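Asks: Listed here are the chains, written in short residue letters.
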Amino acid sequence: MIKVNTEDYPWHPGMTVRNLLDEKQFTFRHIIVRVNGEFVSEEDYDKWLIQDGDDVLVLHLMAGG
Amino acid sequence: MERYLRNHDAISESEQAILATKRVLVVGCGGLGGMVIECLARISVGYLRVVDGDVFEESNLNRQLLSSTMNLGRPKVLAAQQRIMAVNPLVEVDAVQADLAAENAMELLAGCDVAVDCLDNIPARLVLQQAAKVAGVTVVHGAVAGWLGRICVIQPGEDLLSLLYPNPEEAQGEERQRGTLSFTAALTASWQAAETVKLLLGKPGLQGEILEVDLLQAIVRKLKIS
Chain A
1 MIKVNTEDYP WHPGMTVRNL LDEKQFTFRH IIVRVNGEFV SEEDYDKWLI QDGDDVLVLH
61 LMAGG
Chain B
1 MERYLRNHDA ISESEQAILA TKRVLVVGCG GLGGMVIECL ARISVGYLRV VDGDVFEESN
61 LNRQLLSSTM NLGRPKVLAA QQRIMAVNPL VEVDAVQADL AAENAMELLA GCDVAVDCLD
121 NIPARLVLQQ AAKVAGVTVV HGAVAGWLGR ICVIQPGEDL LSLLYPNPEE AQGEERQRGT
181 LSFTAALTAS WQAAETVKLL LGKPGLQGEI LEVDLLQAIV RKLKIS
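Residue numbers (the numbering used here), protein chains in the order written: chain A, 1 to 65; chain B, 1 to 226.
Bear in mind the hints are in silico, worked out from the structure with no lab data behind them.
Any given hint might turn out to be false.
[What the hints assert, rightly or not] The calculated SDA-like cross-link candidates involving lysine to any residue, where the alpha carbons are at most 25 Å apart (straight line), are: (1) B/133 <-> A/8; (2) B/222 <-> A/37; (3) B/133 <-> A/24; (4) A/24 <-> B/223.
[Said to hold, decoys possible] Short, incomplete list of chain B residues facing chain A, as computed with Cβ under 8 Å: (5) 6; (6) 33; (7) 47; (8) 177.
All values reported here derive from a predicted model rather than from experimental measurement.
Just so it is clear, CB atoms sit at the ideal spot from N, CA and C, and this is done for glycine as well.
Construct the entire structure; sequences and hints are all you get.
Replies: The following block contains the structure:
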């Protein structure tokens, strides 16, 4: 089990950041991902392996006023 | 005073008197700023310094409370000043028609108890956070994109915006594709105003948390980030 934006989410071996974003349907173009507080850049989404117990924060980049 | 009858007892008479002594900087008088100013003027914060270098355009009419077909092409800060004076002449207004930048940020923050970030671009938001850190002023941040809104409170020395904006060279976010909607701006701004009043009155509020509102999914989520 992992945490995604403070909520429990089932983990599976080999789960990448890209897998998680696809499963959770985060389809916006501007996304910020942090795993255990560490920023994950977009080019690493396919190779960054999420570990069981990780705390993942997924935020939309927004700055409108 | 009859004007404040309906504030009581959510805001006590002594708290009302405290608010009258407080000074708030509102940076940006657009979708967020217009509603923040409306709320703070009606609850009667004693002094509002409102800052914006822009004039109203037709594309503002979908959401910006202070805009109307009558004031297109006119400075936003003048509309803000007129609105405050019309709603509550007890509030002292300092209207500054300028864009916030590193060169004027400290001057704009001077003497203010709280700064409300109602800006519409990332570089200026980062400038405000940095200047507020130096000035020792707490910032109430708000941002919107489409149906999404976000609010957080940044104490001096905290760097929450680097979490939200990891690439400072990007000027805008999802709002470029998704626009900004009237109710999203109004809700987010109202929440910013509430957090501002809580700060001014010493009431507990958001701390090390991001409040996210998704009006399409009808979800409010509070994320711990420190």
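Asks: Taking the hints in turn, state whether each one holds.
Replies: How the hints compare with the structure:
1. B/133 <-> A/8: violated, 35 Å
2. B/222 <-> A/37: Holds - the C-alpha atoms of residue 37 of chain A and residue 222 of chain B are around 16 Å apart, at most 25 Å.
3. B/133 <-> A/24: violated, 36 Å
4. A/24 <-> B/223: Holds, at roughly 17 Å.
5. 6: violated, 29 Å
6. 33: Hint on residue 33 of chain B: holds, closest Cβ of chain A at ~7 Å, below 8 Å.
7. 47: With a minimum Cβ separation of about 22 Å from chain A (threshold 8 Å), the hint on residue 47 of chain B is violated.
8. 177: Where the cut-off is 8 Å and the nearest Cβ of chain A is about 6 Å from residue 177 of chain B, the hint holds.
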